[in-house]
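Enquirer: Chains G and U, in that order, are what the protein sequence lines are.
Residue numbers for the first sequence follow my numbering, beginning at 1 and rising by one.
Residue numbers for the second sequence follow my numbering, beginning at 1 and rising by one.
Worth flagging that the hints you see were computed from the coordinates, not collected in a lab.
These numbers come from a predicted model, not from an experiment.
Just so you know, not all the hints are guaranteed correct.
Since copy identity is lost for identical chains, a pair holds within one copy or between any two.
[Unchecked claim] Cut-off 30 Å, straight-line C-alpha distance, at most; resulting in silico cross-link-like pairs (BS3-like, lysine-lysine):
| id | residue 1 | residue 2 |
| --- | --- | --- |
| 1 | Lys205 | Lys86 |
| 2 | Lys183 | Lys303 |
| 3 | Lys296 | Lys55 |
| 4 | Lys205 | Lys55 |
| 5 | Lys86 | Lys111 |
Protein chains: 2
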Amino acid sequence: MAVYTDVSDDDLAAFLEGYDIGAPLSCKGIAEGVENSNFLLHTSVGYYILTLYEKRVDVNDLPFFVGLMEHLATRGIVCPQPVRNKLGESLGALAGRPAAIVTFLEGMWPKRPDARQCGMVGEALAKLHLAGSDFQMKRANALSIDGWQPLFDAARTRADEVLPGLAPILAGELAHLRTCWPKGLPSGVVHADLFPDNVFFLSGKLSGVIDFYFACDDAFAYDLAICLNAWCFEPDASFNLTKGMALLSGYEGVRELDDAEAAALPTLARGAALRFLLTRLVDWLNRPEGALVKPKDPIEYLKKLRFHQHVAGAREYGLSR
Amino acid sequence: MAVYTDVSDDDLAAFLEGYDIGAPLSCKGIAEGVENSNFLLHTSVGYYILTLYEKRVDVNDLPFFVGLMEHLATRGIVCPQPVRNKLGESLGALAGRPAAIVTFLEGMWPKRPDARQCGMVGEALAKLHLAGSDFQMKRANALSIDGWQPLFDAARTRADEVLPGLAPILAGELAHLRTCWPKGLPSGVVHADLFPDNVFFLSGKLSGVIDFYFACDDAFAYDLAICLNAWCFEPDASFNLTKGMALLSGYEGVRELDDAEAAALPTLARGAALRFLLTRLVDWLNRPEGALVKPKDPIEYLKKLRFHQHVAGAREYGLSR
Numbered sequence: 001m002a003v004y005t006d007v008s009d010d011d012l013a014a015f016l017e018g019y020d021i022g023a024p025l026s027c028k029g030i031a032e033g034v035e036n037s038n039f040l041l042h043t044s045v046g047y048y049i050l051t052l053y054e055k056r057v058d059v060n061d062l063p064f065f066v067g068l069m070e071h072l073a074t075r076g077i078v079c080p081q082p083v084r085n086k087l088g089e090s091l092g093a094l095a096g097r098p099a100a101i102v103t104f105l106e107g108m109w110p111k112r113p114d115a116r117q118c119g120m121v122g123e124a125l126a127k128l129h130l131a132g133s134d135f136q137m138k139r140a141n142a143l144s145i146d147g148w149q150p151l152f153d154a155a156r157t158r159a160d161e162v163l164p165g166l167a168p169i170l171a172g173e174l175a176h177l178r179t180c181w182p183k184g185l186p187s188g189v190v191h192a193d194l195f196p197d198n199v200f201f202l203s204g205k206l207s208g209v210i211d212f213y214f215a216c217d218d219a220f221a222y223d224l225a226i227c228l229n230a231w232c233f234e235p236d237a238s239f240n241l242t243k244g245m246a247l248l249s250g251y252e253g254v255r256e257l258d259d260a261e262a263a264a265l266p267t268l269a270r271g272a273a274l275r276f277l278l279t280r281l282v283d284w285l286n287r288p289e290g291a292l293v294k295p296k297d298p299i300e301y302l303k304k305l306r307f308h309q310h311v312a313g314a315r316e317y318g319l320s321r
Numbered sequence: 001m002a003v004y005t006d007v008s009d010d011d012l013a014a015f016l017e018g019y020d021i022g023a024p025l026s027c028k029g030i031a032e033g034v035e036n037s038n039f040l041l042h043t044s045v046g047y048y049i050l051t052l053y054e055k056r057v058d059v060n061d062l063p064f065f066v067g068l069m070e071h072l073a074t075r076g077i078v079c080p081q082p083v084r085n086k087l088g089e090s091l092g093a094l095a096g097r098p099a100a101i102v103t104f105l106e107g108m109w110p111k112r113p114d115a116r117q118c119g120m121v122g123e124a125l126a127k128l129h130l131a132g133s134d135f136q137m138k139r140a141n142a143l144s145i146d147g148w149q150p151l152f153d154a155a156r157t158r159a160d161e162v163l164p165g166l167a168p169i170l171a172g173e174l175a176h177l178r179t180c181w182p183k184g185l186p187s188g189v190v191h192a193d194l195f196p197d198n199v200f201f202l203s204g205k206l207s208g209v210i211d212f213y214f215a216c217d218d219a220f221a222y223d224l225a226i227c228l229n230a231w232c233f234e235p236d237a238s239f240n241l242t243k244g245m246a247l248l249s250g251y252e253g254v255r256e257l258d259d260a261e262a263a264a265l266p267t268l269a270r271g272a273a274l275r276f277l278l279t280r281l282v283d284w285l286n287r288p289e290g291a292l293v294k295p296k297d298p299i300e301y302l303k304k305l306r307f308h309q310h311v312a313g314a315r316e317y318g319l320s321r
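All chains, please: the whole structure from these sequences, using the hints.
Expert: As structure tokens, then:
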């Protein structure tokens, strides 16, 4: 959750004068999103999400994110749509920060996803991969394998504060993945953060996907591996094979994995687990005094990593071949 | 800001089945309120605030708060209205906590209140005092002078962590106020926490008052003294006499202070400053690791207290006689 920046009523009113969406009626900071400040904005015209982009987001990436959301919508993916101001711009400035207004999506994210929802997420992820195939902008994944070493370096000396012996485990995993990280897999635009809190459901259907602020170009199967980690484990860190089967068959109902992708899935799942373990670890060790953000538990992802280390093939995740 | 408790989508749907306000469409934790978890709830019928009452609120007080909001509305005060469930109850249970749904009020609270807004708040406070005069339930003010000693005792040994020499300042002020705290002033239901974030404005008018969870029986002029502290100081802790005049004349336009109230105002303002200084100090010293609540600065109220210690009479706050 995050609201880092306060917006004064006067500043908001002035900002909205640049748009054609009426005058502000209410604007409440919401406890969603970790990277940015988000507000649920009601104007005389409707409901919107106002986002102020905080330091962790590179302003040079914003046109990619905003352009992607617009592109995906034209391909039938339900996601927030940037609202353009009177000058035709979808990015402005408010309270000293880059700011955007996007449409409000109804729906609720599942606190305890079930297998049916995992299936729908798999399907949505595959559709997203196909829909992004003709998006022209590119963004490298700063949090893929080349980005993990600097994260590890930042956490190495203090990793034992979280769990004694954690640093050598991370070093070993990183060394292993460097020897076998797959190359040349089918790639394109991936969401790269499709956790349950970024997927809304309404009346038993998937109603929308939000938070494209990690989206980038990478292997599609890596995106799927992130979802296996995020959706298919139980709170006790056990892997739920039924959910894995649902996620993978939902995905393959739209886009079939090729043999190289299927073979790489255990390695990609290890990498995905390590990626979230490392970023959570760095966040944990650097949580600011009095911060409004509750850091997520890194150890959850160590447990997932340990599971993947013993997986011999994608069948163990529920792949049907 | 506060969202302490997560509500699962299933639990929410089940809870709403007890009400006649349709099915949930979205439910977002909002960064408002310090004592409770608040959610902006959209159902197929409309917009509501869902509140889960956390530990710091005594469940035995809830009927008072809920009853007061209903009473004030019948007297023309715009405030959130409890929604009763199919059994006619305005209090239920959700996620293991007492829970209530209230109507959503449009409007925005002023981050930098101006004198005109101070005038409107004074007027609203007086109307609230009159509107509460025939409310039948009673609730003692646990945070009046008798409640300050235990707060001081809880903070005494560690007060110097916040500012060296703070403990003797607090002890001296407490001793002083015990000698001269006024008795027998006109009393009734007071809001007791009418800070800017609890007052909404829309199109230049005061549109509603929220957060009655400190409301209690106490001297009306003490409530006014709380507002002088909360509305009439600048960020540099200087007292803005124009705002003070506006607040007091706004109040007196509806309900005139008697001579005893006017004479007691400097003492009441000192007490109000000490009350928020003490609660903020205790919160500051006891902020939990990883908490989602950013504790408020106690020293802001020490500066206000020091101002009041040099006030000789209510004219210095802007009272016109």
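Enquirer: Please go over all the hints and tell whether each is borne out by the structure.
Expert: Quick rundown of the hints versus the structure:
1. In this assembly of identical chains, lysine 205 and lysine 86 lie within 30 Å of each other by CA distance solely across copies; the values are 28 Å between and 35 Å within a copy.
2. Taking the closest pair of Cα atoms, lysine 183 and lysine 303 come within 30 Å of each other only inside a single copy of the chain (26 Å); across copies the shortest separation is 63 Å, beyond that limit.
3. For the homomeric pair lysine 296 and lysine 55, the shortest alpha-carbon distances inside one copy (19 Å) and between copies (23 Å) are both at most 30 Å.
4. In the homo-oligomer, the alpha carbons of lysine 205 and lysine 55 never lie at most 30 Å apart, since the shortest distance is 35 Å inside one protomer and 36 Å across protomers.
5. Taking CA atoms no more than 30 Å apart as the test, lysine 86 paired with lysine 111 passes between copies only; the shortest distance there is 27 Å, against 38 Å inside one copy.
Against the hints set out earlier in the document, a violation occurs for number 4 only.
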